[in-house]
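Can you build the whole structure from these sequences, using the hints too?
Taken in sequence, the protein lines are chains P and D.
Those letters in the first sequence? Residues 11 to 241, by the numbering used here.
Those letters in the second sequence? Residues 360 to 474, by the numbering used here.
It should be emphasised that the hints constitute simulated quantities derived from the structure, not laboratory data.
Just so we're clear, the structure is a prediction, and the values are computed from it rather than from any experiment.
Glycine included, every Cβ here is placed at the ideal spot set by N, Cα and C.
Heads up, some of the hints might be wrong.
Straight line, CA to CA, 16 Å or less: simulated EDC-like cross-link-like pairs of lysine to aspartate or glutamate [as the list claims (entries may be wrong)]:
| id | chain 1 | residue 1 | chain 2 | residue 2 |
| --- | --- | --- | --- | --- |
| 1 | P | K149 | P | D90 |
| 2 | D | K386 | D | D364 |
| 3 | P | K146 | P | D238 |
| 4 | D | K462 | P | D98 |
| 5 | D | K462 | P | D202 |
| 6 | P | K197 | P | D210 |
| 7 | D | K379 | P | D98 |
| 8 | P | K73 | P | D90 |
| 9 | P | K146 | P | E51 |
Far from chain D, by Cβ distances over 12 Å, these chain P residues were calculated [unchecked claim]:
| id | residue |
| --- | --- |
| 10 | L84 |
| 11 | H133 |
| 12 | T135 |
| 13 | K149 |
| 14 | N151 |
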Amino acid sequence: MTFLNNLVYFGTFMLVITCIIPTPGQSQTLQTDDPMLRKCEKDWWCNAVAQPPSPWPQPYSGKTVQIVESPRLLVEIPTDLKRIVHSDYILFATFKDNSQLIFEVSSDGLFQQLFAPLMKDVHLTMLDIAVIMFTKTAKDNEPEITSDLLLWRFAINMKSHFLSEKAVVFTSKKGPVTCFYWHVPEKENIGDSTAILVNDNNPYSFLKIVGQSMSFDQFKKIIGTIRDHNK
Amino acid sequence: MLNNDEAEDLREILEDLYGKNIVANWKMNEKILEVFNDMVERNKSCSVAMDYVPRPITGGRPDLAHIRSQLRGMAARVAKRNAGISGIYLICSASTRYTFRFKFEEAGQGVSEPF
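What follows is the structure, given as structure tokens:
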């Protein structure tokens, strides 16, 4: 039985996430300054925030396979799969038309290791970081606690990566699940779409889904299938 | 195709960024080098990344041939820096490492290659 058959047979695929990124050099000193943020005011991404909430997208209506991902989210993807590859925290799903969905989980363990041993007395959760990225700018008041300040500025800095191309960031909310999503067209309406999802019922991680070589309409249909996986 | 020395140097640099356990699963290939080249370009403003920037930079984006020729020197600078440096732009380097990790995963596992 192939891996894909296993996937369909069991209906739900649980991806075990273990993010291990050791911080290079244990002799780092705490540096909350960021040269990019200091001079970002003229950059588009620096002041970009998501649009007010719009209705949750209509779900894909064809035959689907279910994927369960942290933070406790159930996603249904079309069954016309060509290949699935996964590592510890990423799942690549390639479809027969060569479009691709990439699921990447960011857990609080990841940030503990990105910033360790500086992460003491942190109050911000992964949910907070995702929300800061799309609702706050460098002009907003920053937290006073140093560790929280570090993560706040990290979140603002991440705008420069996520929003390197001018794009309208949409927001939709369904129950405890909030989705920030946008599309960067490459050819006609085909391009790369990205969604960041958080779940109020599990603030310790957020999920990034990237749709490559896919229309925004198709991507939104997949987003439309996502719901809180309340076992 | 990277030769053995180039692959070893590139692995050493990436292990410095992500740790040996993560990089152990990545195949050192030209796709990885391309991602690394993009990361170098993206990360020029982070002081820690300056260790990886091919020298001299005369402006514009370094091409792959150039960055290949610089791998040895970059790996040497990584080793030297790890001997004891402090005061890096942590936020800047962390966000770049975070963002590029999945691109390295994709390139290093051959996910984007035709099959």
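Hint-by-hint comparison with the structure:
1. Pair hint P/K149 plus P/D90 does not hold up; C-alpha atoms about 45 Å apart against a cutoff of 16 Å.
2. Annotation: proposed proximity of D/K386 to D/D364 holds, straight-line Cα distance about 14 Å (limit 16 Å).
3. For a cut-off of 16 Å, the pair hint linking P/K146 to P/D238 is broken: about 25 Å separates their Cα positions.
4. Of the supplied pair hints, the one linking D/K462 and P/D98 holds, its CA atoms being roughly 14 Å apart against a limit of 16 Å.
5. Taking the CA atoms of D/K462 and P/D202, the gap is about 14 Å. The hint holds against a cut of 16 Å.
6. The straight-line distance between the Cα atoms of P/K197 and P/D210 is roughly 36 Å, outside the 16 Å bound, and the hint therefore fails.
7. Proposed proximity of D/K379 and P/D98 is supported: the alpha carbons are some 14 Å apart, at most 16 Å.
8. A hinted pair counts as satisfied when its Cα atoms are at most 16 Å apart, and P/K73 with P/D90 qualifies at roughly 9 Å.
9. Taken as a hint, the P/K146 and P/E51 pair is honoured in the structure, with Cα atoms around 13 Å apart against an allowance of 16 Å.
10. Residue-level check passed: P/L84 sits 22 Å from the nearest beta carbon of chain D, beyond 12 Å.
11. In this structure P/H133 is separated from chain D by more than 12 Å, as the shortest Cβ-Cβ distance comes to about 18 Å.
12. Distance check on P/T135: its Cβ is at least 16 Å (rounded) from any Cβ of chain D, clearing the 12 Å threshold; non-interface status holds.
13. Consistency note on P/K149: stated as away from chain D, and its beta-carbon is indeed over 12 Å from all of that chain's, at 17 Å minimum.
14. Interface exclusion of P/N151 from chain D stands, the closest Cβ pair being 18 Å apart, more than 12 Å.
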